[in-house]
Structures are given as structure tokens and as C-alpha cells.
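So the sequences go chain by chain: B and X.
Every letter in the first sequence is one number past the one before it in the working numbering, and letter 202, counting from 1, is 202.
Every letter in the second sequence is one number past the one before it in the working numbering, and letter 97, counting from 1, is 97.
Bear in mind the hints are in silico, worked out from the structure with no lab data behind them.
Check the hints yourself; a few may be wrong.
As the list claims (entries may be wrong) - Below 20 Å or equal to it, Euclidean Cα-Cα: the simulated EDC-like pairs (lysine to aspartate or glutamate) are:
| id | chain 1 | residue 1 | chain 2 | residue 2 |
| --- | --- | --- | --- | --- |
| 1 | X | Lys240 | B | Glu186 |
| 2 | X | Lys189 | B | Glu71 |
| 3 | B | Lys189 | X | Glu71 |
| 4 | B | Lys240 | X | Glu68 |
| 5 | X | Lys260 | X | Glu247 |
| 6 | B | Lys240 | X | Glu188 |
| 7 | X | Lys240 | B | Glu215 |
| 8 | X | Lys189 | B | Asp150 |
| 9 | X | Lys240 | B | Glu247 |
| 10 | B | Lys152 | X | Glu68 |
| 11 | B | Lys189 | X | Glu215 |
| 12 | X | Lys152 | B | Asp150 |
Said to hold, decoys possible - Now the stretches of chain B that chain X is said to cover, found in silico as 3 or more residues with beta-carbon under 8 Å:
| id | segment |
| --- | --- |
| 13 | 47-59 |
| 14 | 95-106 |
| 15 | 190-200 |
For each residue, glycine too, the CB sits at the ideal point set by N, CA and C.
Okay, here's what each chain looks like letter by letter:
Protein chains: 2
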Amino acid sequence: MTRLGIDAMGGDFAPENVILGATDALPCIDSETELVLIGDRERITEVCRHYGVDSGNFVIADAAQKIEMGEHPVNAYMKKRNSSINVGFRYLKEKEIDAFASAGNTGAMLVGSVETIGALPGIIRPCISALVPLFNGQNMLILDVGLNTDAKPEMLCQFAILGTLYAKTIMGIERPRVALLNIGAEPEKGNDTTVKAYEMISRMGEYFDFVGNMEANALFNGGIADVLVTEGFVGNVCLKQSEGMYELIARLGVTHPFFKRFNYEFYGGTPVLGIAAPVVIGHGVSTPVAIKNMILETEKVVKCNLVGKLKNALDEEKNKVE
Amino acid sequence: MTRLGIDAMGGDFAPENVILGATDALPCIDSETELVLIGDRERITEVCRHYGVDSGNFVIADAAQKIEMGEHPVNAYMKKRNSSINVGFRYLKEKEIDAFASAGNTGAMLVGSVETIGALPGIIRPCISALVPLFNGQNMLILDVGLNTDAKPEMLCQFAILGTLYAKTIMGIERPRVALLNIGAEPEKGNDTTVKAYEMISRMGEYFDFVGNMEANALFNGGIADVLVTEGFVGNVCLKQSEGMYELIARLGVTHPFFKRFNYEFYGGTPVLGIAAPVVIGHGVSTPVAIKNMILETEKVVKCNLVGKLKNALDEEKNKVE
Chain B
1 MTRLGIDAMG GDFAPENVIL GATDALPCID SETELVLIGD RERITEVCRH YGVDSGNFVI
61 ADAAQKIEMG EHPVNAYMKK RNSSINVGFR YLKEKEIDAF ASAGNTGAML VGSVETIGAL
121 PGIIRPCISA LVPLFNGQNM LILDVGLNTD AKPEMLCQFA ILGTLYAKTI MGIERPRVAL
181 LNIGAEPEKG NDTTVKAYEM ISRMGEYFDF VGNMEANALF NGGIADVLVT EGFVGNVCLK
241 QSEGMYELIA RLGVTHPFFK RFNYEFYGGT PVLGIAAPVV IGHGVSTPVA IKNMILETEK
301 VVKCNLVGKL KNALDEEKNK VE
Chain X
1 MTRLGIDAMG GDFAPENVIL GATDALPCID SETELVLIGD RERITEVCRH YGVDSGNFVI
61 ADAAQKIEMG EHPVNAYMKK RNSSINVGFR YLKEKEIDAF ASAGNTGAML VGSVETIGAL
121 PGIIRPCISA LVPLFNGQNM LILDVGLNTD AKPEMLCQFA ILGTLYAKTI MGIERPRVAL
181 LNIGAEPEKG NDTTVKAYEM ISRMGEYFDF VGNMEANALF NGGIADVLVT EGFVGNVCLK
241 QSEGMYELIA RLGVTHPFFK RFNYEFYGGT PVLGIAAPVV IGHGVSTPVA IKNMILETEK
301 VVKCNLVGKL KNALDEEKNK VE
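Looking at chain B on its own, in the form it has when it is part of the complex (with noise of 0.2 Å):
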């Protein structure tokens, strides 16, 4: 049996979308599975009953407050104890769940990650990532997208770790390509930071194909990388300008089945990579089809054991060194 918790409070539609989307991936998951919806348990059955959802579909786990989107993240994380979110991560401690997804205050996921359930013995800091739809048909995971501004050159090589085994866990790709995102070819090209990083990285050699560095106007070339790792803040950026592209494109009445990938709904969530048990935060804006999708990325992250192979590789790394 596994139980995914999923914040029913989390996003701006919710629970209203949380409920819908929940219900709209029950026939997706495993029969083995079990949805866990952590909020306010009036709130949650209200609405079921008002959209006709048996709410006997779920397991609901009360939870008397909310941490809103706009909150300070630390301060909401550390005030509002009964929070879903402080819920959802203490049950995961716990072990009463085997996965906690939210597409609620991201600042919030992030500290509860951190300060509840903690980094994998090794890790520096965790780290969040994006797929980019490529034009040949393929995706590339770009890491880390926002949860370390002023990231040094160590952490993006543990970045490229991660991101390797993400790509061959979740990605299926057996020995992933790894570029660095940089604003010239040449191995001298960059900041401090991606000098040393390229240096540290093309000795890595034994985890992954370091293919060098990637110039943004490449991103959605294909062909190149199958993981791109950058420092938070540029990778924030990068992903904030994809989604602002995509809303031009859709603004100027552009229609063409390439853009339909960059949609977030298709991705609905994103783990975060480094923890020692399975977190996925969703889009904030998630619609029920987000929800749904993020629901079933999480249970992907728990049976294909990323965090566990995570772990394993680390401690590999670990008894190599020793």
C-alpha cells in the first residue's frame, strides 16, 4: 500500500481543484495506492459533496489552518503548526505517508523540506527542477530552477548528480548527457562560478557525458543534453522566461502543437531533489489537470524509488571517498 498525501489546501483553486484533480487521477493510480487529502476536513467533504465526489475515495486528515500563497515562508512554515503543509510533512517524518505533493506556497514546501525531513546525508542543498520541451520531441530536466540563488560551484555538481539520476530513474535515459548553462563555449567562458563548475564538472566523468557548456539560445535545440544545470537564480529566470513565451504566444493567437508542451499542466509538479523522502510541489495556478498530473508524478517518484537510488548513489560516492 501507498499513500500519497496530497495538500488540499495548496494553489490558488483550492480545494476546490485539489478534490477535482484527486478525483480525476484515482482511475490512473495503482489500485495499491491511496490518496491522503490533508486540509480542513468541513472545507474538503463540503466541497465534495458539492461536485458529487464521494469523498469515502479518499483518506482526509484534518488540518485546521492554511499557509496562504503570499505568506513569508519561514515564519508561516514556523507559526502555523496545523497547517496542511506542516501536517503533510510531519506525517511524512512520520512514515504515515509515503509522498507529500502541494502546489501551495513554495517557500513553505521548500523550508518544510529542509527543516522537517531534512537533506540526504552528503547533500549540500537540495534543489528543484523543470523539464524543457525540446524540438525533437524530447524533454531536457534543467536544475536547479530557484531554491539556491548564489549557488557555488560544488553545488552545481551535485546538481548534475541529481539531475543524472532523475533522468535515469524517472527519464529512463541509461548514461544522461550533462551541459552546463553558460554565455560562451569555451571552457573559460562565464562567471567565477561556472569556471569552476566547468573544471569540477568534466571530471565527473564516470556518472554522466559532460557535453560542455550550452548557450541559452540553444534551450530548445534538442540534440545536445539531457540535464542542463545552472545556478537557482539563473534557472529561475530561464524557466519564468520560457512561461512568460509561452503566455506571448498565446497572447498573439499563435497556435502550434510545440507550445501545447510547454503548458505546466502536462509536468504538474516538480520533486524536490536532495531530500531524504519524496516532496513534489505543484504550480501555484494549478487547474485540476495539474493536480491530477502532479498526483501522478508523485506516485512515479515513489515507485521508481528516486529518492532511495538517490541515496544509494550518494552513499556509494560516499564509500569511494572513504
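Take the given structure of chain B and dock chain X to it, following the hints.
Only chain X this time, still in chain B's reference frame:
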């Protein structure tokens, strides 16, 4: 009489495209403006003859050497004293020409700008900018787009001033709105540099209206800011990602008039801001149209006295402090 120095050997298709572009520019420039083509005199006259262009339309300044596109900027600039780029900067320094423009090796152009011309008094580091086409039909200036990686908050403040003066002088905006590129809306969001820069720029209200942080998903929206300030690494990633988007759109066969405005040909070149004489850098793959527009941009920079206005503004600022 205004004399514009043009690097005849600069760009992937030089001197052919430079000569064709310069010929197309002739009917558009002031009758008192003279074009000085700097490069291999023999090649220039030969190409003119080949295309049936009267070489008497131009002043030709001989330069025996050429810095190739792939050469190491500093080494090439220091060694090839008779290269067209070196000769151009020497002429500019000696006031033989009023401005120098090249679509050649960008790095060498920047080295020449800093080493031979030098920064205006009070400027920590010069920078380069680009125009972002906006949904509302206007453009927004983004700077720095690649000259200063690891830029300090103080430099970002200067970019704000340089951008404001460009927006006033060249774009004709009376009181520019300045935004800071960041990964969140609130002042405390971002990395160490943006947090400090936010605080410093917010105290510069006498020069411009600071509208706060802008996230990259709003890059093309319009109606927010006229000038977007960012550190050179991030700005370069933004610019290249926009180029990548433009290429992607073309590859997908999507046509929409909006994307024509992303074509670098229409902008032709960007001035190096913060140095003591007008220098304009064109795009390496410059077509004749791009060269023509680079020349028109260069004439505009001279006629508007951009450098003089920057110098006055910096002097005023200095006097206030003293």
C-alpha cells in the same frame, strides 16, 4: 561634418556585407555624414568593383590585419596592432572619426573600448544593452547583456543611470521607468546582489521611476518598465534565450508580425555605454540590412550626443556629492 568609422572587415561576411550595407545606408544618412571604411584597401576596392559600387562614396582607411571572429579578444587586440578594430579605435581616440562601429569580434571591440577609449570618469564598468520588443508595440532596454559577469550592486546602480540616459536620449522617454530583473516581486527576493541593488536603486528616485522587481515571465508584457537592469551573466542568458525563441518560432514555421521585431537586423547594433566616445557593436552574422541599421544607429548616437549627455549627467552627480 560627422565621420563614422565602420569596420569593413567585421562580421562573418565581411567585407562584402559591410560594403553592401554601407551602400544602402548612404541615402539614409545626413549629407554631412561621411562613412570611413576601415580595412584592407585592396579587398574593399575589389569588392566595390565586383558589386558595381562607387568606392568614391566612402573614405577608405587602410588596415592590413583582421581580427577573426574566434580569436581570443585580449590577445588578438594586443598583437594585431594593424587590425581594422585596432585602427578604428586609434582613429576614434585621435578624433579622426566621431564614432566607431563593427560587427566583428565582440570581445575585441570591448577590449578596445575599455583599453583605448576608456570609461567615462565615475563609471566603474561600461556595459552593453539590447532592446526587448514588447507586446504593446514599444521596446524595453535591458542592460547589462554580457559585459560584466559577477557585477556588483554598485554596478547595477550605474546600469540604471546609463539605461535611463539611453532611454531619454535615444528612445525619447522623458522619465524612464526602471525595473530590476529578479526572481520574485518582493524587495527581499533574489540573490545577494539583487537584494542590495534593490535597496540602492530604490533611493535613486531623482533620476527615474523605480518600479521594483520584474520577473522574467513579464519580460515581453510591456507597460511595466522602459529599462530593465540586470547583471551581465543573467542579461546575456535572457538575450540568448530570446534569440533561441526567435529561431524556434522560425523552425516551427510560425509566422507572426510580432516576432519580426526580434530580428537582430532591425536593431543593427548596440552602443557600448559608459565609455568616453561612441562605439557601436553589431551582430556577428550581420546581413547588409543589419549593417545599414548599425550605421544608422551609430549616426543617431553621435547626433544625439549620447556620450556627451552621459558625461554631463555623471559630472552633475559628482558635483552634487562634492
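Quick rundown of the hints versus the structure:
With a CA separation close to 16 Å, the supplied pair Lys240(X) and Glu186(B) stays within the 20 Å bound. Distance hint between Lys189(X) and Glu71(B) is fulfilled; the C-alpha atoms sit about 13 Å from each other, no more than 20 Å. Under the criterion of a C-alpha separation no larger than 20 Å, the hint pairing Lys189(B) with Glu71(X) is consistent with the structure, at around 13 Å. In summary, the hint linking Lys240(B) to Glu68(X) is not supported, as the alpha carbons are separated by about 36 Å, beyond the 20 Å threshold.
With a CA separation close to 11 Å, the supplied pair Lys260(X) and Glu247(X) stays within the 20 Å bound. This hinted pair checks out: Lys240(B) and Glu188(X) have alpha carbons roughly 18 Å apart, not beyond 20 Å. At most 20 Å may separate the alpha-carbon atoms for a hinted pair to count; Lys240(X) and Glu215(B) meet this at roughly 7 Å. As the CA atoms of Lys189(X) and Asp150(B) are separated by approximately 12 Å, the hinted pair is consistent with the 20 Å bound.
A threshold of 20 Å between alpha carbons decides the hint, and for Lys240(X) with Glu247(B) the separation of about 19 Å falls inside it, so the pair holds. Restraint check for Lys152(B) and Glu68(X): the C-alpha separation of about 34 Å exceeds 20 Å, so the hint is violated. A distance of roughly 26 Å separates the Cα atoms of Lys189(B) and Glu215(X); the hinted pair therefore is violated under the 20 Å criterion. Between Lys152(X) and Asp150(B) the CA atoms are separated by roughly 13 Å; this keeps the pair inside 20 Å, and the hint holds.
Under the rule that three or more residues need a Cβ within less than 8 Å of chain X, the assignment of the segment 47-59 of chain B is violated, with 0 such residues. Judged by the Cβ-Cβ criterion of 8 Å, the segment 95-106 of chain B is not covered by chain X as claimed, because only 0 of its residues qualify and three are needed. Counting residues of the segment 190-200 of chain B whose C-beta lies closer than 8 Å to any C-beta of chain X gives 4; at least three are required, and the coverage claim holds.
Checked against the numbered hints given earlier, this structure breaks hints 4, 10, 11, 13 and 14; the rest are met.
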